[in-house]
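Engineer: Can you build the whole structure from these sequences, using the hints too?
The listed protein sequences correspond, in order, to chains A and B. Position one of the first sequence corresponds to residue 541 (our numbering), numbered consecutively onward. Position one of the second sequence corresponds to residue 541 (our numbering), numbered consecutively onward.
For the record, the hints were derived by calculation from the structure and aren't laboratory data. These figures come from a predicted structure and were not determined experimentally. Careful, some of the hints might be misleading.
It does not matter which identical chain is used: a pair holds within one copy or between any two.
Said to hold, decoys possible - List time: in silico DSBU-like cross-link candidates among lysine-lysine, alpha-carbon distance up to 35 angstroms:
| no. | residue 1 | residue 2 |
| --- | --- | --- |
| 1 | Lys603 | Lys726 |
| 2 | Lys682 | Lys809 |
| 3 | Lys679 | Lys809 |
Number of protein chains: 2
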Amino acid sequence: MLVTGQIWCFLLSWTSRGKQDVETITAAQYFFVYNAFSFTFATMAATTLFLWISRSQVGAAYKPALTISGLVTAIAAYHYWRIFGSWEGAFQVREGVVVVTGLAFNDAYRYVDWLLTVPLLLIELILVMRLSSSETVSKATKLGLAAALMVILGYPVEIADDNATRALWGTLSAIPFVYIVWELFKGLGEAIEHQPESVRGLVKHARLLTFASWGFYPLVYMIPYTNLTGATIETGIQIGYTIADIVAKAGLGILIYMIAVRKTAIEYKDVGKPVPATA
Amino acid sequence: MLVTGQIWCFLLSWTSRGKQDVETITAAQYFFVYNAFSFTFATMAATTLFLWISRSQVGAAYKPALTISGLVTAIAAYHYWRIFGSWEGAFQVREGVVVVTGLAFNDAYRYVDWLLTVPLLLIELILVMRLSSSETVSKATKLGLAAALMVILGYPVEIADDNATRALWGTLSAIPFVYIVWELFKGLGEAIEHQPESVRGLVKHARLLTFASWGFYPLVYMIPYTNLTGATIETGIQIGYTIADIVAKAGLGILIYMIAVRKTAIEYKDVGKPVPATA
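Structural biologist: Next up, the structure:
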């Protein structure tokens, strides 16, 4: 975590062009965020199409996992489309200079997105494990609610103006996060040991990806604690959340797809198998 | 890390490349590029629909190749839509005269596009060859990462103002390119010899198309080295990249489709075969 933080500072020192507030964002910072939003929209939309088209290649038990995984990236694609539009509305670049239009940049879209997608991310992980239906419902409910609570309690951290408020709500938000981590590693640990050997590694990767990418969000929160100010902070926050979203949503979706395809090959004899021409 | 930092630095120093260059663009040049962008959007979108609709005509093993091929053209269609909009925003034609609006023309969309699509292009070629699953994952990972690295290292060439910088990053970017060519011709060479005879020629064509169309991009890079200036360079770059994109993405997609259909006819007895009316 500390190493990641140092990498961040390093990254931010490159983006730094003196102490500025958001109103004096440079054209380079503006376009960096602009292109990152467009890239993320394209990535999320492409992942959605891939996951939904690929439903036909997995056994019936794994179709819901791909449906939900694609839903997460579809919701994210919608929100990145909106965030992109809001960013375009807030600034214009004329003659290479950024002009502030006066319209607010709304990135509360991120919280609206997380409130929907973060519980669904845990649910896709549970679905691809194919537990008993009672276990699936129980774990999906508990983890889904904890995830929603974590997002709600994290919102005041984002909008706070002082570090005391940030610390209070950050701590409260960390409680459901710790519970989720405990459930993922202890509660689901035994279930993972019962997964077929060929996917056990992949499921553990998916769990680690969920944990690591979520751990990245608090680091982005912490950017305002640094000595950096204004437009550099804004750029850092936007790029940081964007990277975290791509890893947590599109990255996890692809892992879920790989797990579903491998388990289908083991558990279904009639899906996706070639019929030899000579048979 | 230092290299990454330098890349970021270049990325951030980008404002609006060649702004002064394009101010003297003629109406004919403006409309040539404008119509080329619209044509390319239509080509990419149509290819996407064709490839996805055609999934039902190929065996299960070839569906992922068509899914990914359609994803590449879908991502390209999105980016041409955006580039078209940015071009429309940067200029207006009034009374037959081009008026510069002052809004920046953003063609960083191209790099954002290549970062996603170039690795996927190699993956579609590997998928249609139907190697063992471990070989597929290993080759897709190695070639995909090399392709992403090639695009990232190529970006400073695009935004550089001097030929020394262009030469440095162009050389660095050529290293993963040479590795990819080596993998395509040496690493995949043996696998191609094991393809059914009726598709061997097509697979070699697909490989050659990939190599030749990618080799076209550095030629477009080199346009600023010529004695041409301003709007002519800009027009040449835009039209050059557009042709390369159509050949590399839509062209390769159609070849992948032909290979998948022929291999399905050989390997599957129940897909796409006519049932005699008298049976």
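Engineer: If any of the earlier hints don't hold here, list their numbers in rising order.
Structural biologist: none
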